[in-house]
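Enquirer: Sequence:
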Amino acid sequence: MVDTEARLIILNNKWPNANELPFQAAHECAHILNGDNGKLRYTNQYTKSRTENGANQRALSIIVPMYFADIPEESANIDQFMNDLAIPQWLEDSAVQCIERFYENY
1 MVDTEARLII
11 LNNKWPNANE
21 LPFQAAHECA
31 HILNGDNGKL
41 RYTNQYTKSR
51 TENGANQRAL
61 SIIVPMYFAD
71 IPEESANIDQ
81 FMNDLAIPQW
91 LEDSAVQCIE
101 RFYENY
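Numbering-wise, our numbering puts 42 at position 42 of the sequence shown, and it's gapless, one number per residue.
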């Protein structure tokens, strides 16, 4: 959960799948960085919400460089990345694009 006005993020350390927590943290930070307003709760379900989609895209741009920093491009594995961080499958195309941009600028 994020309260963007208070710039407060709350993560549930008893979340059923702890692998999701890094992406959740990046997602909630993204709401603040994107200038979103209000109290928002994370969901790993598909949504057409522009706000949630923007947070997901920004979260990928935050987490991809951290994850792939020490991985040579030829060893980059999208399936491993998605599995390690329990990133929802419907974000795979966006993750691939973000990873490609990372290595283009690396």
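Since the hints were made in silico from the structure, they are not lab data. For every residue, glycine included, the Cβ atom is placed at its ideal position computed from N, Cα and C. You may find that some hints are simply not true.
To be verified - Pairwise CB distance ranges, derived in the manner of DEER restraints: (1) I71 <-> G38: 23 to 29 angstroms; (2) Y106 <-> P16: 31 to 37 angstroms; (3) G54 <-> V96: 16 to 22 angstroms; (4) A6 <-> E73: 36 to 42 angstroms; (5) P65 <-> A18: 18 to 24 angstroms.
Enquirer: With reference to the structure, classify each hint as holding or not holding.
Expert: Results of checking the hints against the structure:
Checking the proposed 23 to 29 angstroms range against I71 and G38 shows it is violated: the Cβ atoms sit about 36 angstroms from each other. Restraint check, Y106 to P16: a C-beta distance of roughly 34 angstroms satisfies the suggested window 31 to 37 angstroms. As the Cβ distance of G54 to V96 is approximately 18 angstroms, the hint placing it in 16 to 22 angstroms holds. A beta carbon spacing of about 40 angstroms between A6 and E73 agrees with the range 36 to 42 angstroms that was offered as a hint.
Distance hint check: the CB atoms of P65 and A18 are about 22 angstroms apart, consistent with the given range 18 to 24 angstroms.
Consistency note: the structure conflicts with earlier hint 1 alone.
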